[in-house]
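Trainee: Below are the chains, spelled out letter by letter.
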Amino acid sequence: MIYLSNLLNKNVFFERKIFGKMVDFAVLESSPTPSVSKIVVKQNGKKITISPSEITLRSFGAVLNSTKSPFLPYDERDFYLNEDLLDKQVIDIDDRRLVRVNDVVLEANGQLKVIGIDIGAAGIIRRLGLDKLIKTEPKIIPWQMIEAFDYQTGNVKISLSQNRLNKIHPSELADILENLGSKERVSIVESLDPRSAAKVIEETDIRTREAILEGLKASALGQVVAKMHVASIAGLFYKLNPLRIREILKLIGQERAQKVERVLDFGSETAGGMMRTTFWQFDGNLTVKETYNKLFEESPKPEAIVVTNGNEKLVGIIYTKDILDSDSLAQLKDIVAERKFVHPEVSVNDLITLFSRYNLRLLPIVDRDKKPIGVVKIDNILEKIEERTRVDELI
Amino acid sequence: MNLFKRKIIAFLPILAIMGPGIIAASADNDAGGITTYSVAGATYGHSLLWVLVFTTLALAITQEIGARMGLVTGKGLASLIREKFGIRWTAFVMGVLFIANLGTIAAEFAGIAAAFEIFNVSKYISVPIAVLAMFFLVTKGSFKRLEKIFLLFSFFFIAYAISAFTLKPDWGSAISSLVVPSLQLDKGYILTLMALIGTTITPWGQFFIQGYVVDKKLTKDDLKIERGDVFFGSFITNLVAFFIIITTAGALFAHGIQISDAKDAALALRPFFGEFATILFGFGLLNASLFGAAIVPISTSYVITEAFGMESGLNYSFKQAPEFYGLFAISLVLGGLFVILPFFPLLTILVVSQAINAVLLIPIFIFLYLLSNDKKILGEYASNKVMNIIVLLALMAISATALIFVATTIFPNIF
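Residue numbers (my numbering), protein chains in the order written: chain R, 1 to 395; chain P, 1 to 415.
To be clear, the hints were calculated from the coordinates, so they are not data collected in a lab.
Backbone N, C-alpha and C define an ideal beta-carbon position, used for all residues, glycine too.
There may be inaccurate statements among the hints.
Unchecked claim - Computed Cβ-Cβ distance ranges for the label pairs, DEER-style:
| hint | chain 1 | residue 1 | chain 2 | residue 2 | range |
| --- | --- | --- | --- | --- | --- |
| 1 | R | Q254 | P | I125 | 51 to 59 Å |
| 2 | P | G86 | R | R207 | 34 to 42 Å |
| 3 | P | T219 | R | T389 | 55 to 63 Å |
| 4 | P | T139 | R | F14 | 55 to 63 Å |
| 5 | R | N109 | P | W89 | 43 to 51 Å |
| 6 | P | T139 | R | D175 | 39 to 47 Å |
Bound-form chain P, shown alone (with noise of 0.2 Å):
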């Protein structure tokens, strides 16, 4: 057995107990993920950083509030929403999901389709090859093979880390840009801000957190320790959001050179690393983009038909489950077209996708809200003061950036 091999599988029993924080907190640096990050290194330094304490504080603290619902009720976030809202809100809420969810999918596929472009492959293959081998990988192969699989590759953001250091930043400024925020009124600084928000706390990511606890089988007593994987998933993710946020800022920021997308960013990135750093982002990209091309369209399907009353569950066959995999395979083919149709550049889908996610966010923290306040529900498990004024407070900041975002689109000279 080689090195390389004895090495996976050291690393083997970590991925064993790697609860439902890491691999949520995993898949949100996705295609839109590592993109947005680029994107604001690349055109506004460190001047973003700041964003990524607020966004770790909110991702933490509203995926601790998942967690906890599904400990204590067994129940994933969208039965919560039927069985206390009913099915007006229902419908509403999961309309909501499944526009944001389609966005996301998108970003995914063009992720994919900026990966395989470094390696000049047209995205009119590689999309259309994802969006089928997604669809076989996950129905007929074992989804948590295929997720601890792409956990592994995650690591390769570690490229980033090495590439951050070796370019000697200017660590005194990202330290005070972390701590102080500063902000800048202009739309397309807000337009980023929003992504960076909506990237990281996703409506997708706060019902799959709650599903897959509900899926383990976790109870109460795991409450401490589902914690502890919650916020280590929520610091590893902004962990890595900071290093590719350092790494454009210092190579590409400091030389002036715009990019639009991650790929460009991994090919305008060679001259600083080589070629080798450019195959190893480029494989970066591409294993988040499937790895959220896999898990984003499967939770979908399950959120919906959950609230429905749908047999929902990837242990039923095609007849006995048709809306469960009909809304997989349609999630995965739209989100697949809109990359391949010529309207829509790849850059806007995954940018705009992730600052649609930032607003459809707002309902779902209400919802979030006023389930984790109800006593009838969590008894004494429900929320603290603590807890309310951080989501209220993120609620607010949401709504304030989405609102000034829109203020900017409709009246491009307000300031």
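The shape of chain R in the complex, shown without the other chains (with noise of 0.2 Å):
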């Protein structure tokens, strides 16, 4: 991770002579991971841009490879990491947040990519010189948070929505905090909203997640941990610190707790181990209708519903569109679309093969009397599939 404050007014040097000095860095700012186009070299008083490919960064600053290929002027209607974006005002259209873009946040991997913006205090400390005598921890959005640039009055706005936030897939967040340091893992983290914040996590991987789960506050931590599934807490539970397990335990209320140690009976490799314990559950009786009734006013509507007889055991299940083409007086438990069920203890594997055999998309879990526990759905099996994947290819 490189911070463009670290970069500009660097000299860039030729043939072991100051060649000039790199000014500001050329992006495609529509683009979710802009790369760095032209690097803008002040020389005599001049701007020149250079192709980054012709420049390699050192510690003291650039060496410019070669001067063969030509250098281009100066263009105003370029979109610039220190022109247009530095300094600038972050506006936050929901919580109307007004911040400044105090640094930006670069990524040297072969090229040179933005990855996001610095609003923190550490970004100004940094730029005034002043980080060996204060540490602060630097507050990174992601570049993928950006929704939009307003360029009214030649000035450039940026707006970050929850919209936009909820636009951005979990997973897509998860591989960008996967990429990032442990600090600012846990600062975009506490940012989000507790719901995302908690999908995101889970959608990292196990050493990520870790990190996050260890370093978040206190504060933050009870209002993730709230919205994470109790099979995600109980797959980390060997992993983290046990003083951390014990204050995550006490955070979710005794109820999950228990449920948490119920998974942990289980084993993680067995269906009432991954299973999630959060799902929809109708009696029988109910009328298409009243079912339609009561989804209505839900969001987001669940995909499938356990229906139950009056004894509370398991009926089957049925899929939420199928509601829509039934009988409006027709009893759920007439049209359920599956009657398959497993106990907690068949193995993964298991699962695995009963799912891509007969096509399921969702397999509720149930006890010995039959009462549904909990549901396994295709994404969890998928999860799963994929980690054996990793797993394999780290072998």
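Once you've looked at the hints, go ahead and assemble the two chains, each given alone in its own frame, into the complex.
Mentor: And the structure:
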């Protein structure tokens, strides 16, 4: 990770002589991961632009590899990180937060790419050259969260919105988190609303997940773990610091803590260990119309509903989309789509086989009395398969 | 409903349309202002009146620039400096502003202390209570309402106008002093001159007017009205200054009575105008000080948090915007402390802080000049030649006065 402030005004050397100074970087700002397309170098008071492939970044500055390729004149219409982004306002539409771009975060991984902006005090301190004296943590907003640039009056406004945040897929954000330093990860997670934060954390790999949960502040941790699935918490059980685990169990409350313990009892490689304990359960005597009314208000709507009889024993499952096609007076118990179920002790391997053989999307898990205690979804199965292939690759 | 109440209510519509210009200008006549004018009149008679013409003009033009930049860009002065000149210059300007504002805030509390001393209340009681009261009134109460109340009570300044007329001063001398500049190369005179400039045209006032215009969401279409508002405000603020100088010059300078602050002035004026006038003067000073003590600290927080991109505004909670409330509290407490600590006499705080304001105005003027000429920011609304000449003349005058002052301080026998 490199900060723009560390690059600006650094000398560019050519054949051991000072060639000029790097003063700006042009990017294609609409790209989700914009890479630097031109480096602006000031030479004898004149600005010229050089392709980044001609320049190698070093700790003392930059080295120009050759002067063979032509230097282009400075083009005002390009989007420049220093001129058009640094110090500009960042406006969060939802909570009307008004902050500033204190620094720009880049990554030099072969290509020089912009990965985010630093809106924290750390950026100011760094640019004033006081970062050796005062230690603060950067507050980084990933580039993907930036919604729009407002070019009115030549100034750029940046909008960050929760909408946009919800639009970035949690797994994409998870990928970004995996590439960031631990402090930055935590600050991003803390800037999300708890529900999105929980989703994103669940999408990250186990090491990142561990690091985030270790690093979160107690207040944020409580809100995030409240939104996480019991199985995900259980999955981390033996990985985290025992003190942290005790803290988490306390934060999620007794009822959910017991669920975590139960999941742990089954072991992570069983249906019980990977099942989701929150699911939709309706009485089989409800009519389609009644069900429809109940679901009408709900958002997001469940994909499938677990149907039980009067004794709360499993009848089967029904897919929400099927409700639309059914007779409005029919009772749920008569129109269930699937009657399959498993016990929690069933191994993950067997589950994978079941899902693949019968093209299942959701499978209820029941206890000895045939009462539903959880469900396994196709998504969870895919995750398990992905985990396995990852392990195989590592070997 | 009694007559008094009815009269106040009749004023309310006027207050509703009162623009940023009038508020900024009225707040300029704060504790430091009244004291400086009183001292100027009592010590130098009419001979400093000509400065008022200069300050009216300079205040009008700089406030107009601030209002115009706010209207066109929708951004505060701190934002423009940050976006145009980067973080280092911003840090420098904010440092300057913070020092200047601390001086002004100290002056406000010194004014509160002085006003209460007229009524025999010790500053060790009045100042801490005022600090706490300001913190809670501004953060918990309605700032806009507070502002209107202070503005309403600014009409007490009319007491000075009435007093000035009852003294039957030499209007001929007053008018000629107003138009014919005269200069005494004496340290006290130069200090008072600088304080006169620094109390009228202030760094905080420049940030305040622009921020206020942005906050009110005024647009380019309001430019004409806003110009009128700003010019009228500049005129009124200096008219008040004029009457205070005439009053103190007529009553005190003419009889050789020396005063060292506004409280002295109020007390010294008792034989001429009676007990009631003293109460009015005291109340005017108190109101002006409270007005300043409410407005300057909060405006400091707004500007600095805006410049550095921190959560800023009274609609945030303490937890959401800790820097904003922290700065507000620190400015209030430090301002109050200067007054309570025994090392600084009230007069020194009141007048010297205004003179410091004038010196610190120099860098602010330079930024104002550069920004208001930037076509990329203002387009067709950039300053024209006449405005630029006035700003540059003001800048040179202030710089020259500051240089002379520094010279007289270092070499007391230079003249």
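Trainee: Work down the list of hints and note, for each, if the structure agrees.
Mentor: We went through each hint and held it up to the structure:
1. The hint said 51 to 59 Å for the Cβ distance between Q254(R) and I125(P), and at roughly 54 Å that hint holds.
2. At roughly 39 Å, the beta-carbon separation of G86(P) and R207(R) lies within the given 34 to 42 Å, and the hint holds.
3. Checked against the hint of 55 to 63 Å, the C-beta distance between T219(P) and T389(R) comes to roughly 59 Å, which is consistent with it.
4. Take T139(P) and F14(R): their Cβ atoms lie about 58 Å apart, and the range 55 to 63 Å holds.
5. A hinted range of 43 to 51 Å is violated for the C-beta pair N109(R) and W89(P), which are about 34 Å apart.
6. Look at T139(P) against D175(R): about 43 Å separates their beta carbons, and that is inside 39 to 47 Å.
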